[in-house]
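S.K.: Sequence:
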Amino acid sequence: MSRIRRLAKDTKGATMIEFALVAIPAFMLMLGMIEIGLMTLDRSVVEGATREAARKIRTGSVQTSADPLGTFKQIFCANLFKIYDCATFSYDVRSFASFAAISLPAVQYDANGTPSNVVFQPGGAGTVTTVRVVHRHAFGTPLVGSMMGGGTGNSVPITATAVLKTEPYQ
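In case it helps, full-length UniProt numbering puts the sequence shown at residues 1 to 170.
Do not rely on the hints blindly, as some may be mistaken.
[To be verified] 27 Å max Cα-Cα, derived DSSO-like pairs, lysine-lysine:
hint : residue 1 : residue 2
1    : Lys-165   : Lys-73
2    : Lys-56    : Lys-82
3    : Lys-73    : Lys-56
4    : Lys-56    : Lys-165
[Stated by the list, open to error] Ranges between beta-carbon positions, derived for each pair:
hint : residue 1 : residue 2 : range
5    : Glu-47    : Leu-21    : 38 to 44 Å
6    : Ala-26    : Gln-74    : 42 to 48 Å
7    : Ala-20    : Pro-142   : 16 to 22 Å
8    : Phe-99    : Ser-44    : 23 to 29 Å
9    : Ala-101   : Phe-81    : 31 to 37 Å
10   : Gly-126   : Phe-27    : 51 to 57 Å
11   : Leu-164   : Ser-44    : 16 to 22 Å
12   : Ala-106   : Leu-164   : 18 to 24 Å
The set of hints was computed from the structure by calculation and includes no laboratory data. If you're wondering where the values come from, they're calculated on a predicted model, not measured in any experiment. The beta-carbon is built from N, C-alpha and C at its ideal position, and this holds for glycine as well.
Based on the sequences and whatever the hints tell you, model everything.
M.R.: What follows is the structure in structure tokens.
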């Protein structure tokens, strides 16, 4: 009996077990906060790059080039600070007669998670143009994407939109 009582009172390994129970949730919480910070950085960089590329549509630089989509991508990707793969972005540029006529459909995704209903129609001088860039931010920490309500898998869609009226550049 004395041996059983002695083992019951022994607390040498209690701290290690308590740490093991608390460490996993604590590390997941810290990694989740880092992931959300990276997602915020991602969103800010994409919005800035979208704004800069939309500015070139406003002035007509994109429309008057030999390859408007290529020019737009080049301008957009140059503002991503070379930390993102430019091939993972989708561009939806549409023109309208007035601001009241703007009607953007919700982004539809195919089975691979790629936007399927995007078009590139920057329009001409004096038109109202919407520039929408779509990107899926993948999380490295498991379950963060699904907790963010992003939909499929461990990623969340990031969309940056700019609405502008092009200048009379012609």
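S.K.: Please go over all the hints and tell whether each is borne out by the structure.
M.R.: Consistency of the hints with the structure:
no. : hint                             : result
1   : Lys-165 with Lys-73              : holds (20 Å)
2   : Lys-56 with Lys-82               : holds (20 Å)
3   : Lys-73 with Lys-56               : holds (11 Å)
4   : Lys-56 with Lys-165              : holds (12 Å)
5   : Glu-47 with Leu-21: 38 to 44 Å   : holds (41 Å)
6   : Ala-26 with Gln-74: 42 to 48 Å   : holds (44 Å)
7   : Ala-20 with Pro-142: 16 to 22 Å  : holds (19 Å)
8   : Phe-99 with Ser-44: 23 to 29 Å   : holds (26 Å)
9   : Ala-101 with Phe-81: 31 to 37 Å  : holds (35 Å)
10  : Gly-126 with Phe-27: 51 to 57 Å  : holds (56 Å)
11  : Leu-164 with Ser-44: 16 to 22 Å  : holds (20 Å)
12  : Ala-106 with Leu-164: 18 to 24 Å : holds (21 Å)
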